[in-house]
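Read off the chains here:
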Amino acid sequence: MKKITALILLLVVGLFAQKLTIQGSTTVLPIAQAAAEAYMDNNPDADITVRGGGSGTGIAALIDGATDIADASRPMKDKEIKTAREKGVDPVAHVVARDGIAVVVHPDNPINEISIDDIKAIYTGEISRWDKVGGKGSIVVVSRDAASGTFEAFNELALHKAKLTDGALMLASNLEIARTVAQTPGAIGYVGLGYLTDEIKALKVNGVLPSEATVNDESYPLARPLYMYTSGNPKGLAKTFIDFVMSTAGQQIVKEAGFVPVK
Amino acid sequence: MKYILSVLLLGLVVFGYAEAPIYGYFWTRYTYENPTTPEVEENEHYFSIERGYIRWKTKTSPVSFSGTVDITSKQNATASTDWQIRLKYAQADWKLPGIGEYLPDAKLMVGLQKVYFGIVDLWEYAVIEKNLEEAEKKMNSAELGVGFHSLLPGGYGEFSVQAFNGNGYSHVVEVNTNKAVVGNLSIIPIAGVMLKGSYWMAEQPTGDTLVAQVDQDRYVGLLQFKRGPVTLIGEYLGTKDDETDGMGYMGFTEFALTKTVSILGRYDHYDPDTDTDNDAHNRIIGGLNWKVSKHLLTQLNYQIKSYEDDNRDSEDQVMVQFKVSY
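In order, the protein sequence lines correspond to chains A and B.
Just so it is clear: in the first sequence, position 82 is 82 by full-length UniProt numbering, and no numbers are missing.
Just so it is clear: in the second sequence, position 191 is 191 by full-length UniProt numbering, and no numbers are missing.
These are computed hints drawn from the structure, not numbers from a lab.
Do not rely on the hints blindly, as some may be mistaken.
[Unchecked claim] List of simulated lysine-lysine pairs, DSS-like, C-alpha gap at most 25 Å:
#, chain 1, residue 1, chain 2, residue 2
1, A, Lys-163, A, Lys-77
2, A, Lys-79, B, Lys-137
3, B, Lys-259, A, Lys-161
4, A, Lys-77, B, Lys-179
5, B, Lys-57, A, Lys-163
6, B, Lys-240, A, Lys-79
7, B, Lys-114, B, Lys-130
8, A, Lys-161, B, Lys-88
9, A, Lys-87, B, Lys-294
10, A, Lys-136, A, Lys-239
11, A, Lys-161, B, Lys-130
12, B, Lys-226, A, Lys-77
13, B, Lys-226, A, Lys-239
14, B, Lys-88, B, Lys-179
15, A, Lys-79, B, Lys-107
16, A, Lys-87, B, Lys-226
17, B, Lys-114, B, Lys-179
18, B, Lys-226, A, Lys-79
19, B, Lys-59, A, Lys-163
20, A, Lys-120, A, Lys-136
21, B, Lys-57, A, Lys-161
22, B, Lys-179, A, Lys-79
23, B, Lys-88, B, Lys-259
24, A, Lys-239, A, Lys-263
25, B, Lys-259, B, Lys-179
26, B, Lys-88, B, Lys-137
27, B, Lys-240, A, Lys-87
28, A, Lys-87, B, Lys-179
29, B, Lys-107, A, Lys-77
30, B, Lys-114, A, Lys-79
31, B, Lys-137, B, Lys-107
32, A, Lys-19, B, Lys-291
Everything numeric in this text was worked out from a predicted model, so none of it was measured.
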């Protein structure tokens, strides 16, 4: 009898549990995951599912009604906004954090700074040796895959949409890039600020080192806002969750994840 | 055939160069219908592959290339000649620099491309039947020519202007002195509400033609509402072939019962000659869609086509279709 009662209680709780689905950018993923865990700790009746997949995937899911919140490391494209509006979805952007895209090299690499023009020349294949920018040996170009929001942001901010060299090593996550650069003396890569470790060296870009201060004051050139998109103004659990992310506690989570708080 | 193979080869070269992913879908259909010929008394039923798309698109910029090969089988296909392979789309898109700020995604399109007209470019076979314009053979979904397409800023819609041979994608070779011109404008004033107008004009060719053609005018007014589980579309189609005026309209609705199951209904009316009595017809469709997985959509449709002429019997069809995407 006790088992049946427990089962019924479980079913009732399941029926009345508030559910929220979050999907999208792998850059925003650590923020969303940590915030969801903290929120559910304080609100046991909330059931929040967080998935990655990339900004494009999350936005497509929001347009198709398959997710409540789309995480994105870039603003929605005009075509996506048009498709969303056509399908009855009015996308509303919430800037929850800021991110600096750090250009990283192996710690043994002697260079400490680089210009945007040189980054572009390296990533388009125009420069293939470190000698041309003050280092030594061949350059191993490491990039995020073209589907990621980080790639799109880097492609726009640093490469000005020029074609990436065919020789670039395309990796699926920030973490993989950090690991590969840490293990490859001639490598150059780029990662979100949250993925900087002692095993890789962040370069000054146009004379500015990526940091919370330089991202917030917009002096660091490879910086971007991070978004959570909702369909219309958020309601119910989506609203209370985003309110939580924007609260002091939520912004502390943003900071602990290695990103820059917006409040 | 040589043309198709050449384009295929070109596509594969481009694919290899630009690492364009290949993707696509095919529709397998079972149809049960009343006899299409008077001599046959029993109802007919058959399997067919109505469309099989193999697609690729390069990620190159500012010029990208895309193509679609369409493989179809005739009813009860048994011989190799019952199968048809044809090129549906083969186009180059050139994103125009400098004007993207004012006209987002502005591009020039060259080749065998999508026709932006009425519901033709929006129709994704929510019910199995073709859209009204194509079902009445008043428009093709693809044409050979050039075009300009742009979004309106802020996601408020899109517009396009295109010039074509005007014979669709099955008769892409044509010699004539007059081309078809089509203009299209859609406006989304608020999310979920779209107003669309399109106009097609083609003058009778004066040169040597491979396909008989007369002066054509086509125009469409369309209103679409989408919000949550509800989709409503109303469309009015006007046609003029030489001196013959025609008109039709379509009403379509879809209601999503769950995230994977929806019920659908559609009503078409078309009168090919408004000056002639007893020549109009109606089409009523009821359907159920079940999205079994990300890659499989199952559709069940009942469709009846009835005629204004009392001497003509109505045509009934029950269709089950599986759309597989990869």
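The hints, checked one at a time:
Distance restraint check for Lys-163(A) and Lys-77(A): the Cα-Cα separation of roughly 19 Å lies within the 25 Å cut-off, and the hinted pair is therefore satisfied. Annotation: proposed proximity of Lys-79(A) to Lys-137(B) is violated, straight-line Cα distance about 30 Å (limit 25 Å). At roughly 37 Å between alpha-carbon atoms, Lys-259(B) and Lys-161(A) are farther apart than 25 Å, so this suggested pair is violated. In summary, the hint linking Lys-77(A) to Lys-179(B) is not supported, as the alpha carbons are separated by about 34 Å, beyond the 25 Å threshold.
At most 25 Å may separate the alpha-carbon atoms for a hinted pair to count; Lys-57(B) and Lys-163(A) meet this at roughly 16 Å. Restraint check for Lys-240(B) and Lys-79(A): not satisfied, since their Cα atoms lie roughly 34 Å apart, outside the 25 Å limit. Only pairs whose Cα atoms come within 25 Å are accepted, and Lys-114(B) paired with Lys-130(B) is accepted, the gap being roughly 15 Å. Straight-line distance between C-alpha atoms of Lys-161(A) and Lys-88(B) comes to about 30 Å, which puts the hinted pair past the 25 Å bound.
About 19 Å separates the Cα atoms of Lys-87(A) and Lys-294(B), which keeps this hinted pair within 25 Å; it holds. Distance restraint check for Lys-136(A) and Lys-239(A): the Cα-Cα separation of roughly 52 Å exceeds the 25 Å cut-off, and the hinted pair is therefore not satisfied. Note on Lys-161(A) and Lys-130(B): the hinted pairing is violated, with a Cα-Cα distance of about 39 Å set against a maximum of 25 Å. Pair hint Lys-226(B) plus Lys-77(A) holds up; C-alpha atoms about 21 Å apart against a cutoff of 25 Å.
In summary, the hint linking Lys-226(B) to Lys-239(A) is supported, as the alpha carbons are separated by about 23 Å, within the 25 Å threshold. Between Lys-88(B) and Lys-179(B) the CA atoms are separated by roughly 20 Å; this keeps the pair inside 25 Å, and the hint holds. Of the supplied pair hints, the one linking Lys-79(A) and Lys-107(B) holds, its CA atoms being roughly 13 Å apart against a limit of 25 Å. The hinted pair formed by Lys-87(A) and Lys-226(B) meets the criterion: a straight-line CA distance of about 6 Å does not exceed 25 Å.
Distance check on the hinted pair: Lys-114(B) and Lys-179(B) sit about 16 Å apart at the alpha-carbon level, within 25 Å; holds. With a C-alpha separation of about 17 Å, the suggested pairing of Lys-226(B) with Lys-79(A) holds against the 25 Å cut-off. The straight-line distance between the Cα atoms of Lys-59(B) and Lys-163(A) is roughly 10 Å, inside the 25 Å bound, and the hint therefore holds. For the hint linking Lys-120(A) to Lys-136(A), the alpha-carbon distance of about 18 Å falls within 25 Å, and the restraint holds.
With a CA separation close to 18 Å, the supplied pair Lys-57(B) and Lys-161(A) stays within the 25 Å bound. Distance check on the hinted pair: Lys-179(B) and Lys-79(A) sit about 30 Å apart at the alpha-carbon level, beyond 25 Å; violated. A hinted pair counts as satisfied when its Cα atoms are at most 25 Å apart, and Lys-88(B) with Lys-259(B) does not qualify at roughly 31 Å. Taking the CA atoms of Lys-239(A) and Lys-263(A), the gap is near 17 Å; set against the 25 Å cutoff, the hint holds.
With a C-alpha separation of about 44 Å, the suggested pair Lys-259(B) and Lys-179(B) falls outside the 25 Å cut-off, and the hint is violated. Our distance criterion of 25 Å between C-alpha atoms is met by Lys-88(B) and Lys-137(B), whose separation comes to about 17 Å. Note on Lys-240(B) and Lys-87(A): the hinted pairing is violated, with a Cα-Cα distance of about 32 Å set against a maximum of 25 Å. Between Lys-87(A) and Lys-179(B) the alpha-carbon distance is near 34 Å, which puts this suggested pair outside the 25 Å criterion.
The hinted pair formed by Lys-107(B) and Lys-77(A) meets the criterion: a straight-line CA distance of about 15 Å does not exceed 25 Å. Proximity of Lys-114(B) to Lys-79(A) is assessed by CA-CA distance (about 17 Å); at most 25 Å being required, the pair is judged to hold. The suggested pairing of Lys-137(B) with Lys-107(B) is violated, with an alpha-carbon distance near 28 Å, which exceeds 25 Å. For a cut-off of 25 Å, the pair hint linking Lys-19(A) to Lys-291(B) stands: about 22 Å separates their Cα positions.
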